[in-house]
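Since chain P is already given, all that's left is putting chain V on it; use the hints.
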Amino acid sequence: MSGKRSRSFYLLAGFFALFLLFLYGPTMTIAILSFQGPDGGLTFPMRGVSTYWFADLFRQQAVGDIWGSFSRSLVLGLMVMVTTVVVSVMGGLAFRKRFAGSSVVFYLVITSLVIPSILVSLGVGLIFSQSGLNVHWSTSGYGSQLTWTLPFGLLIMFAVFNRFDPSYEEAARDQGASNWQTIRHVVLPIIAPSLIGVALFGFTLSYDEFARTLLTSGSYNTLPLEIYGMTTNVTTPVIFALGTLTTLFSFLVIAIFLLTVWLQARRRARQGSDAGKGML
Amino acid sequence: MRNLLKNRHLSGWLLAAPLSAVLLLFLVLPIVMIVVVSFWGATEFSIYPAFLFDNYAFLFGSPVTYSVFFNTFKYAAITWVFTLGIGFTVAYFLAFHVRTLTWQIALFLLCTIPFWTSNIIRMISWIPFLGRNGLANSTLISWGVIDEPVEWLLFSDFSVILAFVHLYTLFMVVPIFNTMMRIDRSLIEAAYDNGASGLQTLTNVIIPLTKPGIMIGSIFVVTLVMGDFITVRFMSGSQSANVGRLISNDIALLQYPSAAATAVVLLATVLLIIAVLLRFVDIRKEL
Numbered sequence: 001m002s003g004k005r006s007r008s009f010y011l012l013a014g015f016f017a018l019f020l021l022f023l024y025g026p027t028m029t030i031a032i033l034s035f036q037g038p039d040g041g042l043t044f045p046m047r048g049v050s051t052y053w054f055a056d057l058f059r060q061q062a063v064g065d066i067w068g069s070f071s072r073s074l075v076l077g078l079m080v081m082v083t084t085v086v087v088s089v090m091g092g093l094a095f096r097k098r099f100a101g102s103s104v105v106f107y108l109v110i111t112s113l114v115i116p117s118i119l120v121s122l123g124v125g126l127i128f129s130q131s132g133l134n135v136h137w138s139t140s141g142y143g144s145q146l147t148w149t150l151p152f153g154l155l156i157m158f159a160v161f162n163r164f165d166p167s168y169e170e171a172a173r174d175q176g177a178s179n180w181q182t183i184r185h186v187v188l189p190i191i192a193p194s195l196i197g198v199a200l201f202g203f204t205l206s207y208d209e210f211a212r213t214l215l216t217s218g219s220y221n222t223l224p225l226e227i228y229g230m231t232t233n234v235t236t237p238v239i240f241a242l243g244t245l246t247t248l249f250s251f252l253v254i255a256i257f258l259l260t261v262w263l264q265a266r267r268r269a270r271q272g273s274d275a276g277k278g279m280l
Numbered sequence: 001m002r003n004l005l006k007n008r009h010l011s012g013w014l015l016a017a018p019l020s021a022v023l024l025l026f027l028v029l030p031i032v033m034i035v036v037v038s039f040w041g042a043t044e045f046s047i048y049p050a051f052l053f054d055n056y057a058f059l060f061g062s063p064v065t066y067s068v069f070f071n072t073f074k075y076a077a078i079t080w081v082f083t084l085g086i087g088f089t090v091a092y093f094l095a096f097h098v099r100t101l102t103w104q105i106a107l108f109l110l111c112t113i114p115f116w117t118s119n120i121i122r123m124i125s126w127i128p129f130l131g132r133n134g135l136a137n138s139t140l141i142s143w144g145v146i147d148e149p150v151e152w153l154l155f156s157d158f159s160v161i162l163a164f165v166h167l168y169t170l171f172m173v174v175p176i177f178n179t180m181m182r183i184d185r186s187l188i189e190a191a192y193d194n195g196a197s198g199l200q201t202l203t204n205v206i207i208p209l210t211k212p213g214i215m216i217g218s219i220f221v222v223t224l225v226m227g228d229f230i231t232v233r234f235m236s237g238s239q240s241a242n243v244g245r246l247i248s249n250d251i252a253l254l255q256y257p258s259a260a261a262t263a264v265v266l267l268a269t270v271l272l273i274i275a276v277l278l279r280f281v282d283i284r285k286e287l
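In order, the protein sequences belong to chains P and V.
Letter by letter, the first sequence follows residues 1 to 280 of the working numbering.
Letter by letter, the second sequence follows residues 1 to 287 of the working numbering.
Because the hints were derived from the structure by calculation, they are not lab data.
Note that the structure is predicted; figures quoted are calculated from it, not measured.
Take the hints with a grain of salt, since some may be wrong.
Quick look at which bits of chain V chain P covers, simulated, 3 or more residues with Cβ under 8 Å [said to hold, decoys possible]:
no. : segment
1   : 56-70
2   : 81-95
3   : 101-111
4   : 116-122
5   : 235-249
6   : 261-268
Only part of the chain V face toward chain P is listed, based on derived beta-carbon distances under 10 Å [as the list claims (entries may be wrong)]:
no. : residue
7   : 10
8   : 12
9   : 26
10  : 30
11  : 31
12  : 157
13  : 158
14  : 195
15  : 206
16  : 207
17  : 208
18  : 227
19  : 229
20  : 274
Glycine included, C-beta positions come from ideal geometry on N, C-alpha and C.
Just chain P, same shape as in the assembly (with noise of 0.2 Å):
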């Protein structure tokens, strides 16, 4: 396995690059065809080369609500991430202790990961209708949407305390530690990178999120909802600069939790440990 390539290698990495081509050729090709003339259609050719239907994104809008849209999203991305961190921390911490019916709770994770999206759907927008209530996309749409990220939150959580050295906290209790304070001054910063992990999960799959909002996010759009609803009655490569620009939007976000991870990793490297350092 060591010394010169072999050709399987070399087939290998041709095939790896062949997939790499087809997961994000399809985006650069919008991505180009976004710079289309003024009179340029869904395809090539290019009719010339402008930001003309960026600008046109800034413009007052013929249909629907780009930029509300964008807001309510972001919030909505932002509630649901921290809410997935919070809860899946307690929750990763809950299933440690193995208490009684945590195979119960796991079997729910489960179905919440595997359960048809259309679903939650469905089923939320039934009993709020039933119920009277307004479905809007802070409370029916933020509650569906934890269905969907929770799930992920957890495995991830699973994943980080299955790696986890319990002599850590064995150390801390015997120095004195409160059950609070071993978690706020051990656990807390080890599994600190992980937890970053889980909100770029809880973020991008909320804001990306369009199943589970489609019948529970009442009047308003969410930004999904409205590039949605732009594919039935959009026919200008406005939708190609839209979808140009949350994608570069999510591909910004993803850069800002990875550069977060590695900064972490580095300030650790440098500064080893602070023990002896005092907890001030």
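The following block gives chain V in isolation, referenced to the frame of chain P:
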């Protein structure tokens, strides 16, 4: 109070309370509601409480139901084959042929980043590729492979499955790669030392040890495809149907009881498949 908190069952439930509350309110109750409403009656514009088996009788009495369920299984099976083949190969390359951890992480991230972007945009982005005047057709024509544009590239079963594979292959890559990275490398050395060829090592050592990852990936892909309605609607140009579309069509017509009955049958089918797959893998141990 202190002693009460020392009880792990009580403190466990307290910590799990927010999670349980969300699942109860937005998962269990909605499922109960769907089951209840599946027995209700409907007029053209409203629904009323009742205890009727009409919705189920209609569902099981209609030949459309069976062909739509068949279509759903067909999509799931074909997508599963392709995502497994591609996902396994990609994960195998990353885990066993990329040598440094830094490169493994970098290339792995490249594979997962699209997961955090919008599915709808990723579907839309196939249009300039597959359309009548799209890139694929014009390339094939310029190469002389075909004389006139192929019509079945977009708005067909082909484009539906292409989109599924495009969207969901990374659900195979991630768990399979995760399991492969935990395989003890000395087992592979041992296989080589005993004279196994590369292929023999793959089929006799690596594939059996990767099974849990394959199972988890399969659970994801099968449930995502079976529960989908938007990919089929969008990529088939409303020309193909699966169970999800049956439900969403009923919803659009305000026929909630009928939608609920279909949803109950779909949920039962999906949970049955998952229950079978879970017999082969202990998810909590594999994470």
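Here is how each hint holds up against the structure:
By the rule of at least three residues with a Cβ nearer than 8 Å to a Cβ of chain P, the coverage given for the segment 56-70 of chain V is violated, with 0 such residues. Counting residues of the segment 81-95 of chain V whose beta carbon lies closer than 8 Å to any beta carbon of chain P gives 6, which reaches the threshold of three, so the coverage claim holds. For the segment 101-111 of chain V, the stated coverage by chain P holds: 4 residues have a C-beta nearer than 8 Å to a C-beta of that chain, and at least 3 were required. Given as covered by chain P, the segment 116-122 of chain V passes the check, having 7 residues with a CB less than 8 Å from a CB of that chain where 3 are the minimum.
Remark: the segment 235-249 of chain V is confirmed as covered by chain P, as 3 of its residues place a Cβ nearer than 8 Å to a Cβ of that chain, reaching the required three. Coverage of the segment 261-268 of chain V by chain P holds [criterion: at least 3 residues with CB-CB distance below 8 Å; count 3]. Satisfaction of the interface hint for residue 10/V is found here, the shortest Cβ-Cβ separation to chain P being roughly 8 Å, below the 10 Å cut-off. The beta carbon of residue 12/V is positioned within 10 Å of a beta carbon in chain P (closest approach about 3 Å), and the interface hint is therefore held.
Nearest Cβ of chain P to the Cβ of residue 26/V: about 4 Å, under the 10 Å cut. The hint holds. For residue 30/V, the suggested interface contact is upheld, since its CB lies about 2 Å from the closest CB of chain P, less than 10 Å. For the restraint placing residue 31/V at the interface with chain P, the shortest Cβ-Cβ distance is roughly 6 Å, inside the 10 Å limit, so the hint holds. Hint status for residue 157/V relative to chain P: violated, with the closest Cβ pair at about 19 Å, above 10 Å.
Among the interface hints, the one on residue 158/V is violated; its C-beta lies about 15 Å from the nearest C-beta in chain P, farther than the 10 Å criterion. Interface restraint check for residue 195/V: the shortest CB-CB distance to chain P comes to about 15 Å, outside 10 Å, so the restraint is violated. Hint on residue 206/V is violated. Least Cβ distance to chain P is approximately 13 Å, over the 10 Å limit. Taken as an interface hint, residue 207/V does not check out: its beta carbon lies about 16 Å from the nearest beta carbon of chain P, beyond 10 Å.
Evaluation of the residue 208/V hint against chain P yields a violated restraint, the C-beta minimum of about 19 Å exceeding 10 Å. Nearest Cβ of chain P to the Cβ of residue 227/V: about 3 Å, under the 10 Å cut. The hint holds. Look at residue 229/V: its Cβ gets to within about 6 Å of chain P, closer than 10 Å, so that hint holds up. A hinted interface residue such as residue 274/V counts as satisfied when its beta carbon comes closer than 10 Å to some beta carbon of chain P; here the least separation is about 5 Å, so the hint holds.
Hint violations for this structure: numbers 1, 12, 13, 14, 15, 16 and 17, all remaining hints satisfied.
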